[in-house]
Structure formats: C-alpha cells, structure tokens
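K.L.:
With these hints in hand, go ahead and build the complete structure from the sequences.
Those protein sequences? They're chains W and A, same order as listed. For what it's worth, the working numbering labels the leading residue of the first sequence as 3, then goes sequentially. For what it's worth, the working numbering labels the leading residue of the second sequence as 3, then goes sequentially.
Derived by calculation from the structure, the hints in this document are not laboratory data. Careful, some of the hints might be misleading.
[Stated by the list, open to error] In the BS3-like style, the derived pairs of lysine-lysine whose C-alpha atoms are separated by at most 25 angstroms in a straight line are: (1) W:Lys-41 x W:Lys-55; (2) A:Lys-55 x A:Lys-41; (3) A:Lys-370 x W:Lys-186; (4) W:Lys-447 x W:Lys-370; (5) W:Lys-41 x A:Lys-186; (6) A:Lys-190 x W:Lys-41; (7) A:Lys-332 x A:Lys-281; (8) W:Lys-190 x A:Lys-190; (9) A:Lys-41 x W:Lys-332.
2 protein chains.
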Amino acid sequence: MAVELTAHHLIAQHRPTLDRALEAIRTRAYWSPHPEHPKAYGEDGSLDAAAGKAAFDALLGGRLDLGQPGTDDWTGGEVSPYGIELGITYPHADLDVLLPAMRAGQGAWRDAGAEMRAVVCLEILKRINDRTHEFAHAVMHTSGQAFMMAFQAGGPHAQDRGLEAVAYAYVEQVRTPDTAEWTKPQGKRDPLTLTKTFKPVPRGVALVIGCNTFPTWNGYPGLFASLATGNAVLVKPHPRAVLPLALTVQVARQVLAEAGFDPNLVALAAERPGEGIAKTLAVRPEIRIIDYTGSTAFGDWLETHARQAQVYTEKAGVNTVVVESTGNYKGMLSNLAFSLSLYSGQMCTTPQNLLIPRDGIATDEGPKSYDEVVADLARSVGGLLGDDARANALLGAIVNPDVKARLEAAAGLGEVALASREVANPDFPGAVVRTPVIVKLDGAKPDAEAAYMSECFGPVAFAVAVDSAQDAVELLRRTIRDKGAMTVGAYTTSEEVERAVEEVCLEECAQLSLNLTGGVYVNQTAAFSDFHGSGGNPAANAALSDGAFVANRFRVVEVRREA
Amino acid sequence: MAVELTAHHLIAQHRPTLDRALEAIRTRAYWSPHPEHPKAYGEDGSLDAAAGKAAFDALLGGRLDLGQPGTDDWTGGEVSPYGIELGITYPHADLDVLLPAMRAGQGAWRDAGAEMRAVVCLEILKRINDRTHEFAHAVMHTSGQAFMMAFQAGGPHAQDRGLEAVAYAYVEQVRTPDTAEWTKPQGKRDPLTLTKTFKPVPRGVALVIGCNTFPTWNGYPGLFASLATGNAVLVKPHPRAVLPLALTVQVARQVLAEAGFDPNLVALAAERPGEGIAKTLAVRPEIRIIDYTGSTAFGDWLETHARQAQVYTEKAGVNTVVVESTGNYKGMLSNLAFSLSLYSGQMCTTPQNLLIPRDGIATDEGPKSYDEVVADLARSVGGLLGDDARANALLGAIVNPDVKARLEAAAGLGEVALASREVANPDFPGAVVRTPVIVKLDGAKPDAEAAYMSECFGPVAFAVAVDSAQDAVELLRRTIRDKGAMTVGAYTTSEEVERAVEEVCLEECAQLSLNLTGGVYVNQTAAFSDFHGSGGNPAANAALSDGAFVANRFRVVEVRREA
Chain W
3 MAVELTAHHL IAQHRPTLDR ALEAIRTRAY WSPHPEHPKA YGEDGSLDAA
53 AGKAAFDALL GGRLDLGQPG TDDWTGGEVS PYGIELGITY PHADLDVLLP
103 AMRAGQGAWR DAGAEMRAVV CLEILKRIND RTHEFAHAVM HTSGQAFMMA
153 FQAGGPHAQD RGLEAVAYAY VEQVRTPDTA EWTKPQGKRD PLTLTKTFKP
203 VPRGVALVIG CNTFPTWNGY PGLFASLATG NAVLVKPHPR AVLPLALTVQ
253 VARQVLAEAG FDPNLVALAA ERPGEGIAKT LAVRPEIRII DYTGSTAFGD
303 WLETHARQAQ VYTEKAGVNT VVVESTGNYK GMLSNLAFSL SLYSGQMCTT
353 PQNLLIPRDG IATDEGPKSY DEVVADLARS VGGLLGDDAR ANALLGAIVN
403 PDVKARLEAA AGLGEVALAS REVANPDFPG AVVRTPVIVK LDGAKPDAEA
453 AYMSECFGPV AFAVAVDSAQ DAVELLRRTI RDKGAMTVGA YTTSEEVERA
503 VEEVCLEECA QLSLNLTGGV YVNQTAAFSD FHGSGGNPAA NAALSDGAFV
553 ANRFRVVEVR REA
Chain A
3 MAVELTAHHL IAQHRPTLDR ALEAIRTRAY WSPHPEHPKA YGEDGSLDAA
53 AGKAAFDALL GGRLDLGQPG TDDWTGGEVS PYGIELGITY PHADLDVLLP
103 AMRAGQGAWR DAGAEMRAVV CLEILKRIND RTHEFAHAVM HTSGQAFMMA
153 FQAGGPHAQD RGLEAVAYAY VEQVRTPDTA EWTKPQGKRD PLTLTKTFKP
203 VPRGVALVIG CNTFPTWNGY PGLFASLATG NAVLVKPHPR AVLPLALTVQ
253 VARQVLAEAG FDPNLVALAA ERPGEGIAKT LAVRPEIRII DYTGSTAFGD
303 WLETHARQAQ VYTEKAGVNT VVVESTGNYK GMLSNLAFSL SLYSGQMCTT
353 PQNLLIPRDG IATDEGPKSY DEVVADLARS VGGLLGDDAR ANALLGAIVN
403 PDVKARLEAA AGLGEVALAS REVANPDFPG AVVRTPVIVK LDGAKPDAEA
453 AYMSECFGPV AFAVAVDSAQ DAVELLRRTI RDKGAMTVGA YTTSEEVERA
503 VEEVCLEECA QLSLNLTGGV YVNQTAAFSD FHGSGGNPAA NAALSDGAFV
553 ANRFRVVEVR REA
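P.N.:
Have a look at this one:
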C-alpha cells in the first residue's frame with residue numbers, strides 16, 4: 003500500500019496545532035482552531051453550505067459501506083426528529099470476525115508512537131472539520147438540534163473536544179521519556195548502570211457507546227482519547243443517531259489507511275432494531291475501555307458488569323440554579339430563558355430546578371416576590387420564543403417520544419407558570435417542536451420533592467419555592483450528592499450566599515456558573531477551558547477532559563537492560 | 003493552636019526536593035534524597051543505629067496512643083517472625099466517631115493548595131527518614147525481613163516511593179491553573195469574557211489497606227498520593243504488621259498539627275483479632291479511595307464491591323524468567339540465585355517459574371542441558387546461602403505459617419533439584435528461616451501446569467522444562483494474561499527471542515528485565531525510574547507511580563463568573 007500521508011507531512015501540518023492545544027489546556031484561555039461560523043467554510047477544500055447539504059442529501063436512501071471485515075448484513079432505520087426517513091443502511095458486524103481484525107493493526111499503531119498517533123488524529127479531525135456542513139445536517143437529522151446548533155455543537159465544538167482529548171492523551175504519554183540511562187553510585191565499587199526503554203501500550207479495543215442527542219460532541223472525547231493512546235476503537239452509535247458517527251468512522255478509516263495503518267483500528271458496530279449489542283460488547287474480553295453517554299441505569303450497569311474494562315460514563319443528573327438575589331434582574335431572566343429553551347432543554351447541562359426563596363428575592367429593580375420572579379421568567383421565555391422562526395431556530399425538535407411524553411406529564415406535577423406551546427416548523431412539517439413548560443413546586447412538600455428530585459430530561463423546568471437561601475444551599479447539596487449534577491448555577495449579590503454555594507460545589511464536586519447575565523449560558527462549556535462535568539458526583543464518573551480521562555487508557559511497559 | 007511549621011518555612015525547606023523529584027520522574031535517571039546506608043544516619047536530628055534500636059525497644063510492651071477521636075478500646079498482638087512478642091497496643095476506633103472527625107479538617111486541607119500539601123507531605127517523609135533506624139526494626143519485626151533489607155526497603159526505598167507519589171500528585175494538580183481569563187471574540191460585538199477559578203478537591207476519605215510483607219513500601223504510595231491530593235487517609239494495617247504504619251500515622255499527625263491542620267486527616271484503624279474491618283470499611287460511603295496490597299481474592303472482592311470508591315490493587319501474579327541462552331552463564335546463575343533467595347522469595351516480584359528449554363541452552367561456557375542448568379542454579383543458591391550468617395542476612399524469616407506450609411508442600415510437586423534447608427538464627431532462636439526449594443516440572447504435563455500456573459508465594463521456584471524458545475514465549479504470554487505478573491525476566495543472546503519476549507510483554511503489559519547478570523535484580527525496582535507493576539495485567543490494576551495512580555484521587559471544580 004502506498005503511504006500517502008507520511009509522518010513528515012502530518013507532523014509538519016499538525017504539530018503547531020497540537021502545540022497550541024497543549025498551551026490552551028495549560029492556560030485555559032479561549033482558543034479554537036475550528037471556525038464556528040458557517041460562512042467560514044467553503045475554501046481550502048472544505049465544503050460550503052450548498053456542497054455540505056448536497057453531500058448529506060446524497061447519503062439519504064443509500065448504503066454506507068465502510069469496507070469493514072466481518073460485515074454480515076446491512077442495517078439502519080433512522081427517522082429524523084424533523085420527520086424525514088434517512089433510509090441509510092450501515093454494516094452489521096460479525097463480532098467474532100471484526101474484533102480480531104481490529105486487533106491486527108494495533109502493534110504498528112502502538113509502535114508509531116504518541117506524536118504520530120496525535121497527528122493522525124488531527125488529520126482525521128481536519129477532514130471532519132472540512133465536512134462540517136455535511137455533519138451539521140447529519141447531526142440535525144438525528145439529534146433534532148436546530149441547524150445552527152447542530153452545525154456548531156456537532157461540528158467545531160465537537161471537533162474541539164476531540165482535539166482537546168488528543169492533546170491530553172499526547173501529553174500524558176510523553177511524561178515518561180522513551181529511554182533513560184540509570185546510574186546508581188555504589189561507593190567505591192563501580193556504579194550500577196541500566197539502559198531503560200519505556201513504551202506506552204494500549205489496553206485493547208475501546209468501545210464508544212454513542213448517544214442520541216450529541217453523537218459527535220459526546221462521542222469524540224472518548225473516541226480520540228482511546229485512539230491517540232494506541233487503542234483500536236469500536237463505535238457503537240445510538241440506533242437513532244448512527245450517521246454522524248458512521249461518517250466519523252469513515253473519515254478515520256480513510257486517514258488511517260492513507261497514513262499506512264490498518265483502517266480496522268476504527269470500526270462501526272451498527273445494530274439491528276432491538277438487538278441491544280451494547281450489553282454484549284461491553285463484557286467481551288477484547289473490550290478494555292468503554293465510553294458511554296446516556297441513562298443512569300445503563301451507565302450503572304456498565305460500571306458494575308464491565309469489570310474487564312475501564313469505564314467512563316456520563317449519566318443523568320439534576321441541574322440546579324439557585325436564584326437568591328441579583329444586580330441585573332433583566333439579564334438574569336433573559337440568560338435563564340435562553341438556557342431553558344436551547345435545544346428544548348434536551349441537554350445534560352440544562353437547568354431543571356430553579357430554587358427561589360418563597361419570600362422573594364432582592365434585585366436591582368427592587369424586591370421581587372417568588373410569584374413575580376416565576377411570572378417574569380415565564381414572560382421572558384415567552385418573549386424569547388414568541389416568534390416561530392426564532393423559536394424553531396432555538397428549540398430544534400423533540401428528539402423522541404419519551405421526551406414528549408415527559409413534557410406532557412410535567413404539566414400535571416404542579417401549578418403551570420408557563421405552558422408548553424406547539425410550534426409549527428414550515429420547513430419540516432413532521433417535526434415535533436415544543437416550548438418549555440415551567441411548573442411551580444413547593445420545595446417543602448414531599449410529592450413535589452418526588453418530582454424535582456428526579457431528572458425530567460427535556461423542556462421542563464421546576465420553579466421550586468424554598469424557605470431561605472440556606473434552605474436552597476442545603477437542597478442544592480442534597481441534590482448533587484444524591485442525584486448528581488452536570489452543572490450548577492447561582493444568582494446572588496450576597497458574598498455569604500456565594501461562599502456557601504461555592505463551598506457546596508467544592509464539597510459535592512460540581513461545576514458552578516455564577517451570576518451569568520450575558521451571552522454565556524450555564525449549559526454551555528468551551529473545550530480547552532471549561533470542564534464538562536466533574537467526575538466527582540453521581541452524574542458522571544469522568545470529566546471532559548482532564549488527566550484522569552486519558553491516563554488509564556494506556557499503560558507504560560518498561561524494558562531494562564544492563565548498560 | 004500555635005502554628006510551628008509555617009508555609010514559608012516548609013516551602014523553603016522542601017520545595018527544592020520536590021523540584022528535584024519532579025525532574026527525576028521526567029528523566030527517570032537515578033535519584034534519591036534518602037540515604038541507603040545505615041551509617042548515613044545519626045546527624046542533623048536523625049537517629050543513629052543505637053538510638054533507633056532504643057526507640058524501637060521503648061515501644062515494646064506499651065500503648066501507642068495516637069490521640070485519635072473515637073478510640074473505644076486498645077488492641078494489638080503482633081508477634082515478630084523472629085519470635086518475639088511486640089506487646090504493643092493501638093487505638094481501636096469507633097468508626098462512626100472517627101470517620102466524621104477525619105472529614106472535619108478537609109476543607110482547610112483542600113484550601114491550602116497543592117504546593118502546601120506537598121511540602122507538608124515532604125516534612126512527614128523527612129521525619130520518618132530521620133527515624134529510619136527505628137522503622138527498620140519495626141519493619142523487620144513485622145515482615146520478617148532481614149535487618150538490612152528492612153532498613154533499606156522499609157526505610158529509604160519506601161520513603162522514595164512516598165515522595166514519588168507526592169511528586170506525581172503535585173504535578174497532576176497544577177496542570178490546571180488556579181485562575182484563567184477567558185475572552186471569546188464575537189465579531190463586531192463585544193467579546194464574551196469570563197473569569198474562571200479552578201480548584202483541586204478531594205474525593206473524601208481514602209483507605210490504605212496495608213500488607214504483611216512491605217507495610218511501608220507498599221503503603222506509602224497510596225497514603226501520600228491520597229493525602230497530597232487533599233484527601234483524609236485512614237490506614238488499616240495488616241494485623242501482623244501494625245507498628246510501621248502506626249508510627250507513620252503518628253508522625254503524620256504530629257506534622258499536620260504543627261503545620262496548623264487537623265491531625266485527624268490521617269488516622270489508624272487497628273482491628274481486633276479476626277474482626278476483618280477491611281470489608282466493613284471498604285464499603286462505607288465516606289471511603290472514596292482504596293489502596294490495597296494483598297491476595298487476589300480480596301483484591302477482586304474490593305474491585306467488585308467497593309463501587310463507591312476508586313480502588314487501586316496490587317494482587318498476586320506468577321512471575322516468569324525465560325532462560326533461553328546467555329553470554330554470561332555465571333552472572334546469570336548468581337543473579338538468579340540472589341533473586342530467588344532475597345527475603346525468602348516473599349516478594350511479589352520474586353521469580354517463580356524459570357522456563358528452560360528441555361534441550362538445553364547455549365552459554366558462553368558451551369551448551370548446557372536442562373538438567374545442568376537446574377543443577378548449576380541449585381549449586382549457585384546453595385553457595386550463596388551456604389554460610390548461615392549470610393543466609394540469615396539475605397533470607398530474613400518466614401513471615402507466617404502459610405508460607406512455611408506452602409514451602410513444605412512444594413517439595414511434593416515434582417523432582418526436588420534443591421531442597422529447602424532450615425537455617426538457625428543465633429540472635430533470634432524463634433525465627434523460622436528457610437532456604438528456597440527448586441522443583442523441576444515438565445511444562446507439558448497437566449499436573450505440573452496446575453502447580454506452575456498458580457502463585458506459590460514464598461521461597462519456591464519451579465524449573466519448568468519447555469519444548470523450545472517459542473514454547474517459552476507462548477507460556478509466558480499465557481501466564482501473564484491468565485495469572486498476571488509483577489515482573490518478567492529473560493536471558494537470551496538471540497535478537498529474535500529478545501524481540502519475541504519483548505513483544506509479549508508489550509502486548510500483555512508486563513515489566514521486563516533483560517539479561518541481568520550484575521547487581522540489579524528482577525525483583526527490585528527503583529522509585530523515580532522503574533515502574534512497579536504495569537497496571538495492565540491481572541497482578542495489579544495500578545502501577546507505582548504514574549499519572550493514572552494520582553489523577554483520579556481528586557477532581558477539579560471550576561467556578562466561572564462574568565469578568
């Protein structure tokens with residue numbers, strides 16, 4: 003096989019980007035090599051909007067042949083949350099053929115070393131980036147995200163998270179030198195001398211179990227962390243969101259082959275309806291690493307049963323915002339309204355419980371009662387989503403019938419402060435588009451607690467009346483400890499309350515956003531700077547990304563000889 | 003409380019040592035700040051030999067009161083493998099009092115920051131180092147190690163491993179800055195700006211479950227890694243080896259208090275005979291980290307049941323040396339003889355299976371048959387241990403009756419090439435001292451396989467006849483994969499065999515020593531340079547020490563505010 007991508011070429015091309023990423027994770031200042039604006043694409047080989055749309059359309063109704071060994075069938079059946087059937091089929095694998103084939107190329111991939119693996123990963127990300135417009139449609143029509151969000155979160159932001167994982171993986175592997183000369187003095191006798199070599203070795207085959215809502219954003223960190231540390235990676239997409247990860251696998255296989263490696267180092271495991279191969283795969287002895295995003299029940303099952311593997315899970319949590327006081331009432335309301343509305347609240351980071359003292363809060367517009375705060379927030383959401391075009395652009399579509407059912411049931415849990423509204427999507431009449439519901443609950447009532455202490459994934463927010471700031475802080479603590487949280491927000495002008503909330507977040511290990519009133523939202527994190535999750539509360543056992551996310555995906559084998 | 007050890011003083015005192023340790027783990031060249039020679043002690047406040055012995059003697063028959071809260075009783079009953087009763091009692095804890103007390107000081111310890119925690123740990127290690135002579139007797143009379151080994155492995159080498167863990171813990175925590183300014187351009191609009199703070203936070207209370215044979219060497223990495231990352235540490239010593247860890251806890255509590263921290267951040271959990279509190283402790287919700295050295299059965303139990311904790315285990319393995327050919331036959335024999343004899347083979351790193359082709363091996367002294375190699379090795383061990391004084395100094399004492407029973411049973415497993423010999427210890431008539439047994443086994447026979455494929459912990463070596471070098475390599479692979487290995491050794495002059503053995507070690511993840519014929523032994527590793535275990539085969543799920551050993555003992559909590 004002619005190697006088209008030489009190490010020299012790849013390193014020259016990508017090493018500066020890698021170095022810049024390494025600097026970014028050290029300083030955590032803003033940085034991204036992946037433009038966010040759709041108009042930034044279309045030159046230097048990247049697809050523009052029209053070409054991306056055409057590429058996506060060309061995939062519909064076809065077979066995505068990845069050239070994988072052990073393909074015994076074709077399967078697929080994705081229906082877009084916007085109502086169209088994708089009609090794409092993917093390879094279905096005989097695991098007893100595919101898994102051994104994936105291991106065959108691991109020796110060469112291991113011996114290529116950390117830098118070569120990193121720049122190959124960066125080439126994969128570069129080619130994905132070039133096809134961002136195509137991926138945007140793939141993400142939109144599997145997750146139900148609105149186009150602009152699918153473009154940004156599914157494109158450059160996901161690519162950023164992938165690159166961040168590569169940077170962490172690289173730096174972790176080069177902490178130990180390739181060789182060392184060891185000379186130990188022995189007094190008057192000759193010193194003891196050894197020559198030592200150290201090599202990062204992979205654990206085996208890594209499994210990425212994708213999710214429905216953020217197939218690329220949540221899939222890339224594990225995929226690239228495992229690949230960059232020398233492992234082969236098998237991607238098991240969510241059956242409703244196969245396409246974005248299938249395209250990712252396709253690009254990875256192409257790049258690996260062009261760089262002279264075995265393309266089977268990355269493969270797809272699409273499943274037949276109801277096949278449930280995640281459970282089968284998760285306990286296969288070949289699988290030594292698992293990355294999973296999804297329900298707490300299956301995440302806990304993986305942590306308990308996949309004992310042969312390192313298991314990284316992002317599960318469910320209950321996200322809280324403490325609303326105690328504010329110096330910018332309008333800013334707070336509009337910031338919260340946006341956070342509740344974005345992608346119909348279908349983010350693992352969307353706030354669910356707004357804890358508001360029943361005696362009201364102090365604001366720059368004077369004191370506001372609990373009822374006023376809730377009514378003003380409802381008005382703010384209503385205003386934000388009053389125009390259908392803007393509502394569609396913000397909300398996207400409801401990803402699946404379960405979310406719709408939860409939304410409809412939520413209205414029965416308490417007094418509805420803002421009813422959910424059906425929004426028509428003129429481009430996609432089949433899309434199910436709904437505005438968020440805001441439900442008032444009394445934090446002191448046990449039946450209310452049953453509601454607000456469970457994750458109600460989707461466009462549902464609970465305005466929970468609490469006795470005091472102290473009560474809010476204690477409820478926050480209990481919620482994080484018992485249910486986990488991907489995010490915590492707080493609005494307060496009191497230094498004392500701020501300290502108390504911060505202390506709870508430090509003790510219970512949750513990421514805190516304080517007094518956001520502008521264009522940054524509690525549910526958004528930026529790669530290279532913000533950690534996604536903490537890995538220290540029940541919502542997730544890992545954070546994206548840090549040293550712990552990569553350090554145990556490989557091991558270092560030492561060989562020592564007398565010098 | 004008057005703080006006697008200020009941050010300024012501690013940083014001035016220990017920061018240079020920390021920096022030197024950080025350099026050592028990067029270069030992995032030889033380094034240690036802890037002298038190995040007994041005569042190096044006695045100045046600058048350290049105990050000399052006589053003072054150390056006197057300090058140890060003063061402990062005998064007394065009560066070691068650590069001033070711990072919740073002490074409801076006193077317990078102890080250590081009998082030295084050298085025959086003397088220590089007669090020391092230790093606090094027995096009411097866990098419902100002790101564990102909450104251990105958490106009380108965690109906020110201040112957390113807020114002190116990574117550097118302060120590191121230098122406090124270094125002060126603890128310094129004071130332990132000053133008492134190395136005292137610790138040597140404590141280790142000798144609990145583990146059964148001979149004095150010089152107890153001195154070195156239980157003293158400076160253990161202190162090195164502790165310092166190494168502190169260095170890894172420190173550098174891991176400072177990879178993320180304390181604060182960051184984040185400014186994201188927004189085209190013509192004002193940029194988005196956030197001020198972010200990042201703080202390493204502990205997981206909770208860490209549990210160290212000590213072992214009988216290397217209470218300090220195997221205990222210090224987990225203890226110091228957890229403490230340096232902000233956790234409180236509860237030390238549960240092996241009931242037969244309490245004293246070395248009780249003294250360690252005593253020193254740690256003194257230093258913590260003098261530095262203005264809560265001494266309850268480190269505590270001892272001694273148990274009554276048969277109480278088995280490790281199982282109780284391991285699943286307590288307060289316990290979030292466990293470090294364990296011991297049997298595979300209990301290590302596996304911990305990994306399966308202590309789901310609320312990060313579990314780091316060093317269990318049992320079957321260590322192999324492939325003997326294929328050598329350019330230094332005498333050197334090989336004497337090196338192997340020493341490895342088999344040191345501490346009566348009671349090291350997790352001692353070779354057990356010597357794989358020797360049944361057709362013999364090539365050497366610089368001409369071809370040697372399988373029988374000749376085994377006979378020459380037996381003679382070499384016999385010569386090394388022929389003098390009782392030297393034998394006592396090398397072998398130490400048999401640590402417990404189980405080891406003695408296994409040794410006695412081993413002679414029945416095959417043809418005995420070298421019988422175990424009882425050695426009298428004139429200083430300690432009660433000591434059980436035995437030379438190793440070497441048993442010949444045919445690798446192809448199933449009943450032999452049952453013997454050599456199990457760990458036979460103690461002074462037992464199997465000379466396993468194999469069909470060929472290739473057969474040896476395959477058996478090596480199977481042994482590591484199925485049973486795990488802390489160490490692998492190989493003797494070969496063939497580049498092809500060397501590559502094959504190396505490839506097996508890379509694929510099955512085991513640490514390899516090649517052609518050792520001088521004063522470095524396969525069972526010894528040096529902190530800052532050698533990894534102890536790989537963390538990638540069944541013998542241990544962690545290596546001492548690397549990034550993975552520390553990275554998940556803490557989490558980073560981010561607080562972000564609009565700038």
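K.L.:
Each hint should be assessed against the structure and marked as holding or not.
P.N.:
Here is how each hint holds up against the structure:
1. Taking the CA atoms of W:Lys-41 and W:Lys-55, the gap is about 14 angstroms. The hint holds against a cut of 25 angstroms.
2. Simply put, A:Lys-55 and A:Lys-41 have alpha-carbon atoms about 14 angstroms apart, close enough for the 25 angstroms limit, and the pair holds.
3. Our distance criterion of 25 angstroms between C-alpha atoms is broken by A:Lys-370 and W:Lys-186, whose separation comes to about 33 angstroms.
4. Proximity of W:Lys-447 to W:Lys-370 is assessed by CA-CA distance (about 23 angstroms); at most 25 angstroms being required, the pair is judged to hold.
5. Of the pairs offered as hints, the one joining W:Lys-41 and A:Lys-186 holds, with about 18 angstroms between alpha carbons and a cut-off of 25 angstroms not exceeded.
6. This hinted pair checks out: A:Lys-190 and W:Lys-41 have alpha carbons roughly 15 angstroms apart, not beyond 25 angstroms.
7. Annotation: proposed proximity of A:Lys-332 to A:Lys-281 is violated, straight-line Cα distance about 48 angstroms (limit 25 angstroms).
8. A C-alpha spacing of about 73 angstroms is found between W:Lys-190 and A:Lys-190, which places the hinted pair above 25 angstroms, so the restraint is violated.
9. Proximity of A:Lys-41 to W:Lys-332 is assessed by CA-CA distance (about 74 angstroms); at most 25 angstroms being required, the pair is judged violated.
Violated hints for the displayed structure, listed by number in ascending order: 3, 7, 8, 9.
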